[in-house]
Each structure stands twice: as C-alpha cells, then as structure tokens.
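Below are the chains, spelled out letter by letter.
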Amino acid sequence: MMPNELRHHPILQAIVDQGVLIAFVLLVVFLAFVAPHFVSTANAFSILIDAAPLVLLALCELVVMLVAGIDLAVGAIAGFTGAIAATMMLQGFPWPIATLLALLAAMLAGTLQGVIINYLRVTDFITTLAGLSIFSSLTLIITDGEPMNINANGFNALGEGHLLGVPTQIWIAAFIVLVVALWLGLTASGMHLYAIGGNRVAAYRAGIRVRRLRSFAYAFSGLSAGIAGVILAAQLATADPNAGRGQELPAIAAVVIGGVSLFGGRGSVWGAVLGALILSTILDGLVLLNISPFFTELVEGVVILLAVMMGHLRKRSSN
Amino acid sequence: MMPNELRHHPILQAIVDQGVLIAFVLLVVFLAFVAPHFVSTANAFSILIDAAPLVLLALCELVVMLVAGIDLAVGAIAGFTGAIAATMMLQGFPWPIATLLALLAAMLAGTLQGVIINYLRVTDFITTLAGLSIFSSLTLIITDGEPMNINANGFNALGEGHLLGVPTQIWIAAFIVLVVALWLGLTASGMHLYAIGGNRVAAYRAGIRVRRLRSFAYAFSGLSAGIAGVILAAQLATADPNAGRGQELPAIAAVVIGGVSLFGGRGSVWGAVLGALILSTILDGLVLLNISPFFTELVEGVVILLAVMMGHLRKRSSN
Amino acid sequence: MPENAPLLELRNIGKRFGAVHALRGIDLQIISGEVLALLGDNGAGKSTLVKIIAGAHAPSSGEMFLAGSKVSLFDPRHAHDLGIETIYQDLAVAENLDVASNIFLGRERKSRMLGFLPILARREMRREAASALEHLAIELPLRQVVGELSGGQRQAVAIARAAYWQARLVIMDEPTAAIGVGEHEAILKLIQNLARSGVAVILVTHTMPDVWQVATRIVVLTRGEKALEGKTEELTEERVVRAMLVGRESDA
Amino acid sequence: MPENAPLLELRNIGKRFGAVHALRGIDLQIISGEVLALLGDNGAGKSTLVKIIAGAHAPSSGEMFLAGSKVSLFDPRHAHDLGIETIYQDLAVAENLDVASNIFLGRERKSRMLGFLPILARREMRREAASALEHLAIELPLRQVVGELSGGQRQAVAIARAAYWQARLVIMDEPTAAIGVGEHEAILKLIQNLARSGVAVILVTHTMPDVWQVATRIVVLTRGEKALEGKTEELTEERVVRAMLVGRESDA
Amino acid sequence: APQYTFGLLLSAMTPYFATIKSGAESEAKKLGVQLLVENGNNDSATQSNQVDTLIARKVNLLLINPTDAKALIPAVEKANAAHIPVVFIDRKADGGHAIAYFASDNTQAGAQACQFLANHLHGKGNLFMLLGISGASATNERSAGCDSVLQHYPNIHVVARQSGHFSRRGGLTVMRDVLIAHPNLDAVYAENGQMAIGAVRAAEAAGRLKNLTIAMIGSGSAGETQLVKEGKIALSVAQQPAVMGALGVEAGYNYLNTGTVFVPVPLHMDYAPGQRP
Ligand SMILES: Nc1ncnc2c1ncn2[C@@H]1O[C@H](COP(=O)(O)OP(=O)(O)OP(=O)(O)O)[C@@H](O)[C@H]1O
Ligand SMILES: Nc1ncnc2c1ncn2[C@@H]1O[C@H](COP(=O)(O)OP(=O)(O)OP(=O)(O)O)[C@@H](O)[C@H]1O
Ligand SMILES: [Mg+2]
Ligand SMILES: [Mg+2]
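These protein sequence lines are chains E, V, U, S and C, in that order. Heads up: the first sequence runs through residues 1 to 319, numbered per our numbering. Heads up: the second sequence runs through residues 1 to 319, numbered per our numbering. Heads up: the third sequence runs through residues 1 to 252, numbered per our numbering. Heads up: the fourth sequence runs through residues 1 to 252, numbered per our numbering. Heads up: the fifth sequence runs through residues 1 to 277, numbered per our numbering.
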C-alpha cells in the first residue's frame, strides 16, 4: 500500500502504528456532526483543560510502564500534593514556596515508592497499591476530611488563569509533555528506559544502573502526579480531601489506548497524550449529547473498545 | 539451613516460597493479642464471610493472570450477575433457574471478553476496562439505579444460611477453590495455563490452543465473578446497583500478595486464598482496633507492604 | 495419496515481515528417509522456512502439500498431527515448567481419577522423559525448572522433545549449536537412525562437516531465495560455501 | 599494580543457585595476550563462571583480583570500566532497540544540544556501528529492531558490541554457535588479532577445532570443578574430551 | 456513668459524612462514650461486614448511616438479633428495627429546591439537573423530589441531567460542558454542595453566573454558606450533618440509660440576600 522507503520513515511509521490516531480523528469528526457546540473554542479548551491533569498522570504511567512498572498511586499523590500545598499556604508560606515544597513532597513520595520497589524488591503493583492507600489516607488526615480553601490568587491562577488566551494548565501540561518527549527521544537515560523495559537483564549487563533508573522513573511519576495535583487544586481553589481518587485506572487506560505496553519497552509520549485526549473527548461528548448517566459508562466502554479495535485493524492491514 | 532433599520437596518448597504465609500467621497472632474479641468464632466467621467473595474474585484474577492477562471487570460482572438474578426472580422465575441463568450470563460476559482479547486482539487491560464500564452501566440500567429487593428465601440462604454450622458462602467459596486447585494442579489444561504464561510462543508451538484456552480463562473468570455476585446479593438480600464496584483492585491485590505474577506463569490457588485472607483479616482488625477512618487506609497500606516485604525476606534468606 | 509423492512439497513459498522479504519463490520437496541439509548465511531465511513447515508461521504466498494433499490453515497442532516435529533455533521452552512437562507439553499422558476424570500422569511422564534422555546420552536434572538449566541443557530438552514422538518429518534448526561434544555425536547418530527408519529430516546447521557426515541432499538459501540444490555426494564444501556467498555478492 | 601480576585472578570461586552447586573452588589466572579456552560439557558451569567474571552474577564465595587488586561490589558497569567486555551465551539484547543502540547501549555517544544539554548522537553511533560491523565482515540491516533479526544476526550484534570497545579482557561464551561460515572465520581472526594486541580472551566453545586453532591455554570444567588445565600445545583433543567425560563418570 | 462503646458506620468519607463524624465525636466526648467510626466506602458489602465485625466486637449501640436502604436490612436484623440497639443517621434501612432515626428528608429537600427554582423562573425556562452518584440513594431520593415538583411545570425544560458524582471537580467539569451545550441555560439544581461550588466556578469562568439561578441541597459548610452570602447560589436547602451526628449519639446514650426518642432534625433553609420568598 505504501512504498517501502516511505513506510520506513520514522514519523510516517509512527502515524501508521498509531491507528488510534485515526480513531481519534473519526471520533472528533463524528462529534462535530452530532454534538451541539462541539466545534467551538470554548469546547476545545474545555476538552484540553480536562485533559491536562490526565495527560500529566498519563505521563507518570508512561514512564513507569516503559520500565515494566505500574503506578497505582498517581491519583493519591496528586491529592496529597494539593493538600500539602494548601496546608502550607494556610500556615503563611508564600504560594510559590508552598507549591515547590509540595512538589518536592510529591517527588519524595514517588522516590520512596521507587526505592521500595527496586531496592527492597516489593513488586510494583503492591508497592504502589499500598502507596495509593497511604497517600489517600494522609490526604484525609492533612485536610481533616474537609475541603481546604485556597486563597492565594497566584496559586489559583495556575488553574484558572490564561496566557496568550490559552488556559495556564494547558501550557503547563504541554510544557511537561515537551520535556518528557525530549527526555525519552533524545537522551541516553530516556533510551535506557526503553532498554530496561525491552530486556532488563540485557540492560543490566550493558552497565545501565537499572535499579537507580527505575527508581528515578517513579520519582518522575511522583513529580508529574504532583503537578497534576497542583492543577487540580488550583482549578477549584480547594484542596479536596478526595481529590485524585480513582484516577489511576483512567491514567493507565490513557497510555494503554495510546499503545503503551504494560509489559514494558513500548510506547511514546504522543500515544499517551492521544489516549488522554480520546478519554476526555469522549467524556465531553457524553455531556454535550446529554447521555443519561446510567448509559455514560456503557457508551464510554464501547467507544474505547471501538477506538482500540480500529487502531488495531489499521495496524493489521498495514502488515 | 535445610537439607537439600527436604528443600526440594514440593509442598515444603511451596511453603518456603510463600513467605507471605508467615506474615499472615504473624498478623493473626498480633491481632489475637491486641484486638478485643479477635479470637472468637463469630469473628473468625466474620473474616471468612468477608473473604468469601474476595476469594472468588481472586480466583478470577489468578486464572487470567496465569496466562499473563488481567480482568478489571470482575467486580462489575459480579454486580451485573446479582442484578440479573434479582430481575429474573422479580419476573417470577424460580430462584434456582434465575441463579443459573444469571451465572450463565456472567460466563457469557467473561467469554465475550476472552474472545475480544484473543481473537480480535484488543489488549486484556483495555477490553476488561471497557467491560468494567459496560457491565457497571448495564447493572445501573437493569436496576434502574435502585436497589432491588430479593425475597426468595432459598436464594438469600446462599448468603445468610448455614450448613453444619458454617455459613453457606464459605462452603461455596471453599468448593470453588478446591475445583480450581484440582484443575490447575492435576489437569493438562491447568498446566497449559502455566505454559502459556511462561512462554506463549513455546505453548503455541507445542500445539496448545492458546487463544481458545485464554478465552476459556476469561470465561471461568466471568463465572467465578458471577458466583461472587450471587453471594453478595444473597448476603444483602438485595441487588445493589453499585455492587462490586471497585473490587477489581482488591482482587488483584489479593493474588499479587499471594505471589501471583502480573507477567504470567507464576502463582497458586493457595497464594490467592492467602492473599484474600490477609486483606480481609486486616480490614477486620482495623474495625476491631477502632482505627480512625482517616487512618484505616494508611494502616492497611503499611501492613500490606510489611507483609509482602516479610514474605520477600524469607525467600531471600532461603537462597 | 499417490504412492510416490514426496512427503512434503513446497511450491512458490514466500514470506514477508512488513517491508522485509524473508523468503521468495521457494520450491522444495522432501522425501521420506532423506536428510536434507538446509544451509545459508545468517539471515538467509532458513529459520523462517523451518517455521513455515512447522506451522509456526503462515507463509505470505505459495502452497504446501503433505504426502500429496494440500495443507491449509496450518498450525503447529496440525503439524504434530501430521507427524512433523521441530526443534526451533530460538528454543522457546516454557521456562517455568520442568523438563518432563516440557517434553510432553501439549501431548500429556493422562490417567483417570475416580475412573473418569482425566488427570496428568506426572510420574509416568517423568519416567518416560528420563528414558528418552538416556537414549540420547543426555543427562539432565529432571525436576529442575527449564529456566534454570544451562543453554546446552535447554537445547537437549528441545531435542528430546522432538525425538520422543514418532514423526514422519523431523526438522532441526541448528540443534547442535550449544551442545557438548558427546551429545553432538549422539545427535548426529540420532539423525542417521531416524533416516534409516524412514523418517525425513531437515537439518539446519552452520557446521559443514556435519553436513557431509549425515546429509543426503543439500539446499542452500541466499537472501531468501534458493541458490543451490543437489545431492551431497555431488557437491563439494567449497561449492556450497561459495553459493552462500556468491548469491550474496551477485545480489549486492 | 605489580608488573607481573596476571590480568585477572580468581581464587576459590564458588556459586550456588539454591540447592544447585554450579561452581566449586575455582582458581584461575588470566594473562594479557593469551586466549584461554574454557571447555566443559553442558551444565559444567562455564557460563556461570563467565557471568561471575563479567560482573553479571555475584559469586557465593571466593575472591577476584584484577591486575593485582581485589575487586569487590562488582557489577557489569565496573567490569566495563575495568576493560572487561563480554558476549553472553544467552545473548540478552534489547529486542526493542535497533542494532546501533544495542552496540552502544550503556555507553552512548553524546553531543550537546544548545551547547549544554547532552543528547544522543544517533547518527554518529549508527555510522560507527556500520563501520564496526564492516570490520567484522558482518552485514546487518542497521535500522531494524534487534528482535526482528535472525538468530545469527543477533549474535553478530553481540559480537560487534564486545569487539567495538577497547578492552583488556574479552569474554566470549559460545560466540560462533549460530554464526555463518564466513563470519565464523572472521571471529576466529578477531580473537587472534585481539590477543596479538595484548588483550586477554576467554573463549567458551564446543567446537574443538577452533580451540586448537586459536587458544593458547585450555581449562576444562567438569560439574562445576576444574578438571584439567594446560597449554594447548601440550594437550590433545582426546585428552581434553576425556577430561570432560571422565570427570563426569568418576563423579557419578 | 457506665462506659459505653458505640459504633458509627458512615457510608463514605466525603466532607458531608466527615461533618457527621465530627458532630458525633464531639457529642461522644462530652458524654464519655467511646465511638468507633467506620467508613463503608459506598459499598454495602463492606458496610454489612463492618456491622458483623462490630457485633463481634460487642459494641453497645450501632449508629448506622446505611449505604443502601435495602442492602443493609440483613445487617440491621443481625444487630437486632444480637440485641444491639440501632440508630439510623441521615438515611434509614427499609427493614430491621431501629430505636431512632435522625435524618433530613432527601425527597423533601429535592422538592423544596426545585419548587424554589420553579417559582423563581415563573414556571418557564431551561434547567440543568446536576445529579449525584448514579444509583446512590441520596441521588435517587433527591431527584425524585425534584421531579415530583417539575412535573407540574411543563414549560420548565430539563435540558440536561448529568452526574457530577457528588464531587467539586465533577460539578466543575460537567457544568463547563453543559454551559457550552446550552447557551440559554437559566437555572441549575445541584444535589450537593460540593458540586454546586464546582458549578459556580464553571459559570464564573464562562461569565454566565449572573444569568443563572442555582439551588442546591447543601450541608451548611463554610464554603457553601459563603457562596450563598455572596448571592452566587440562590438557595441552599441545608441539611445539618453535624447536628444529626450529635443527636444520634445523644439519643443512643439516653436510650441505654432510659428509653427511646425520635427527634426529627429540621431542615435549615439558607437563603441568599433578597431571595427569601
Ligand atoms: N539461575 C539458575 N538457577 C538454578 N540453577 C542454575 C541457574 N543457572 C545455571 N544453573 C545451573 O548451573 C549449572 C551450570 O550452568 P551453566 O549455564 O554455567 O553451564 P554451562 O557450562 O555454560 O553449560 P552449556 O554448555 O550448556 O552452556 C547447571 O546445572 C544449571 O542447571
Ligand atoms: N519477526 C520478524 N520481523 C521482521 N523481520 C524478520 C522477522 N523474523 C525474521 N526476519 C528477517 O527475516 C530474515 C531471515 O531470518 P531467518 O531467521 O529466517 O534467518 P536464518 O537463515 O535462520 O539466519 P540464522 O542463520 O542467523 O539463524 C532476516 O533478515 C530477518 O531479519
Ligand atoms: Mg536461523
Ligand atoms: Mg553455557
């Protein structure tokens, strides 16, 4: 169907591999026709704003799943970060310092998970499941179960503000996406993540510090989850005691839809972003179409399945 | 530390490998000392009753994870099964027929997932995540979002009754555990599950019908989830529109605690049962010890982590 | 079934992996009782051809005939049923199972529990495995999981597996690659014994002396195409090696 | 560093895997410029010893000295730093990366983006990889992911990787097992060239002719113990093979 | 006075239930009662297991906030059989015996909120119903109350019924999209305060808050009260979770010492300035 030279061009190949991209385009075209006001700047921003924290959580999963890990604690760490930032602001810290310290805490949380997994050798699943419990609990304890108001305008602007007409959180997510794309695509440590996921023994024998790098992946995951948590808190000007709960499955779903493998070594930033966009577009479409809440999950499940199947068909036919 | 012949005895080996067993024993001993009324028949039954549906869901995960799959829909299928049984009883079907048909529906649901995964080649994660959404939604639709009363005493006895002084649901779970243990331990297809998880290509080349057997694993998972759903409904004499929600992670946690690998080919029925018992014992202990709800998850997470670490230390020292 | 039909016949077999053309227009006949050496440089397509004959890969084009009748919808299961046993180069053993389980994988011995439930006859299989290994002069820790064996020991498991079953065609893709000196001789003897009892053998190897010791016919693949075919006694090592390289040079 | 110390010295090395005693009391000295053939039957412990020297396995007991100084807390990274390159029998390549990435894995060439950010110099690595392969007379599709290569091609990648770096000790565990005839010769030549330039080489192989062609010294392992050691010119193939088997018989 | 141990079983640990918890805890402290608090995570099976465990623990009294009116019947019956008195808080089970029931009427709350909106819209306009978690009894009852009023107003168009899952973020994200889909929206009915707060933020961001009338079923928390004071939310039909928790403990304490009392908790109507009818 395509001349061989063209087919081996890396970018084209990536697009062909991403049959899911076509599914996404079809989804958008479909909604443009049937959903009122789907094609509007406000709605585009609405989708992107909803996608922003999800994209950040998806990046967490991307990075740890590349090394054949999984992070179930991303949502909990996001909520935890918001609570810490809010508490510190309540205690009088200026918002930038509170935010930085909260992000540091998030990164520490991730690092701790990474160390337990890679040096104490508890499985990724168990460690981060425990992390999910522990950080959710800490959030409840910190907030005393009540939403904490955040009055720092600078902080809240991270969730509500605009820059050049585009909501701040979209800029933030885009920036992190770019950083991760450069990391994975251009640096040695980025490539080492793929090597570890592809063949951990080979990576170790090649002299890659497998345990250190895997721990670092979890540290990054903590940080990115923390940034998502800051956005979530800023968006509502509140640290919600239950913020981020239940976000782990959507985050994993986003990257898996985007072609990242749970078994490690396969996946791209673009896939993760695409997966997150698909999920938030579906949710947006469901509201615009006013699908009854009883049916929303049904439609969501079917659409995800169709999208992934379509992506798959594309791939098979190109073989 | 142990003579070599002894160490290679399969049963002893299994126990040594299950360092988690020791963690469980320690947990029980600890709670016996500190938790009021922990050592009592009522409490033992309370733990076992609590564990029964979890064990059934853990068996689902065990079987699909042996073939390197995962089933996120087990909780949703459990709820779905209860709703179908309740609806049919409402429509006048005798309870045994309603129950059998509901279980058939559960098995069909599992089979459908298996077929999508193995013949249409959508990944296990995505398919069962879609299944989770779809079957949750169907349950809401069937029940119209309202809990449905179940008045059939025979049905409710499955959850409330006793046989020889032991609650019926414990018998049911024990029976299924036994069946699965025999299946995995003594039959060819049981061993083939391990082979597929160990090396899928090798299994295929050895003439094992990989796709068929993997689909069958999902069919079993659906059935076992359905039985869990019947127990849950009978226990409450109600088909709850949200029954089973969120049970997928505890089910997976149970088997992973019990030493089952997410990457396939490793794990045992006893590990799955043990994992489920550990989880329900922890929850029981938290209530008896009156841990504040803000702290319950914290303690739960820490105890799980400690238990698994302990299991791991045992294993390392035996090397 | 025509009496004088070759055991296996390939017609115009081709195989693509995406953009890679691994095999083109391969015609091949295999006759009972012969030892066919399938030779070629690295990446020539030998293993790909082997996998097609074993049912592990579907060809992209072409036809296969077994004992004169066309085979279609072919997979390893059918291959076993038709009497084709294969030792794959990339062994593909179930690392989490023990030696006996691997030898019998997919074709387990069963006994009846309670008179009707079919259960695995583990002890019997272990016994049989031990004697099969003994026949091949291979000594292995039978209860160890295959993932804990050395490279050569794993290969021995794969060889024992293929040798155990009564086959009409045994395909060996570099069976002696990691194998010790003693076992190497045993395998060559095995090949000769198989051929003598009327079994066809396809042997892929890079060890030229072995070829002249056991093979009756030689086929050389070069870059996915058949470059040379002939009786062993009519070919010299020099000519064969040149075919492998010349094919390459003329293509490049 | 004592001038006349051996490059590498092992003292009383032992290795257990659970109940399996893979190596016992191994003493071994390796001298710069020699080619040491490490021989033994399947499961004798050769690969285990190789992995210990390469830092991939920690020994259960014993000590290692490199150029006279004791090495401890040893892993493959240190091994590289000390100039030890290894071709493992179970290749262990990153199947999802391409040939050049595998050759440079862990020691990538970098350039500076914006003058300070270190990024991968992919093009340079690909160029270097191509010329390294050319030196070895190996032809490979460079952009293909290693998982899509044939068995011999993968092995060639591992060989190119080990040969590329300036090493003091190159360990080759059955490097020619799956390798074509032409490349086989190239590897033997490579070994001789390495030795000539003062590099020590440990060669594990089951191909006896290769041993007498390139090795200066022979060590035979039998069931995890050293059964024979000597200069190649002082040993006959018969004696070596007997050591492998006799050791076994006397133990059994 | 004897030292009692009470179990308080909450259906979840959202802010609303956390308020019940703190009300009950402060009352228990005052009375010298030991209070065991459990979180049912919105799961009936979990909660009924907690009941089992507390029965085994031999508590003196159970304060149950059932996750579900029907599913908890067997658990309540078990408590009855074990002669442990039961008090219902906020919701009740449809069976079993309880000595007291402290709740505000969810159906009535929904009806009052929507009646207010109907009056305010003069029987005509576009309404968005921001629902709670699908299948939760609070959602079902509050929606039923609202629907029972709206059926008398054929010119009030319910242009969207969407779930905000009782969370602030849910209210925000759904409201944002509903505002896009319905440029002529007049009013919002929110089934809890958290979602209403989220909806207010979305409306503010879209510059549409001025044209919207928002009524909610609140819990009287500070954040909600503030928005009502500012006039951003027109009506809060406020339940009083802290009062419920405290009264439940007090009644149970009295019962164990004397006899039973049923104390209906009045709904607290909190109007924005100028909205009082
Ligand atoms: N991870 C492991 N766990 C348990 N036993 C092992 C492990 N690795 C190797 N062994 C055992 O150690 C012994 C030596 O294995 P090794 O791989 O060193 O043999 P070898 O001499 O390289 O053999 P070959 O020629 O077949 O490659 C074998 O008996 C093997 O079963
Ligand atoms: N799964 C695959 N995807 C893409 N290309 C493949 C795949 N498998 C094999 N190839 C290509 O097909 C060609 C033939 O490979 P094959 O394994 O048949 O070679 P071979 O003759 O067995 O070589 P060797 O002697 O090294 O084993 C090679 O160029 C290889 O790169
Ligand atoms: Mg090959
Ligand atoms: Mg070896």
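Hints may be right or wrong, so weigh each one.
[What the hints assert, rightly or not] Here are some chain E residues the structure puts well away from chain C; computed CB gaps all over 12 Å:
#, residue
1, Pro94
2, Trp171
3, Met310
[As the list claims (entries may be wrong)] Okay, the calculated beta carbon distance ranges per label pair:
#, chain 1, residue 1, chain 2, residue 2, range
4, S, Ala19, E, Leu306, 36 to 42 Å
5, C, Gly123, E, Val34, 44 to 50 Å
6, C, Glu204, V, Trp171, 43 to 49 Å
7, V, Val34, C, Asn119, 44 to 50 Å
8, V, Val34, E, Gly92, 52 to 58 Å
9, E, Leu120, V, Val34, 39 to 45 Å
10, E, Gly154, S, Met113, 55 to 61 Å
Calculated directly from the structure, the hints in this document are not laboratory data. Every residue gets a Cβ at the ideal spot worked out from N, C-alpha and C, and that includes glycine.
Status of the hints after comparison with the structure:
no.: 1; hint: Pro94; result: holds, 23 Å
no.: 2; hint: Trp171; result: holds, 16 Å
no.: 3; hint: Met310; result: holds, 25 Å
no.: 4; hint: S/Ala19 <-> E/Leu306: 36 to 42 Å; result: violated, 53 Å
no.: 5; hint: C/Gly123 <-> E/Val34: 44 to 50 Å; result: violated, 31 Å
no.: 6; hint: C/Glu204 <-> V/Trp171: 43 to 49 Å; result: violated, 58 Å
no.: 7; hint: V/Val34 <-> C/Asn119: 44 to 50 Å; result: violated, 59 Å
no.: 8; hint: V/Val34 <-> E/Gly92: 52 to 58 Å; result: violated, 40 Å
no.: 9; hint: E/Leu120 <-> V/Val34: 39 to 45 Å; result: violated, 26 Å
no.: 10; hint: E/Gly154 <-> S/Met113: 55 to 61 Å; result: violated, 32 Å
Of the numbered hints given earlier, the model fails hints 4, 5, 6, 7, 8, 9 and 10; all others are met.
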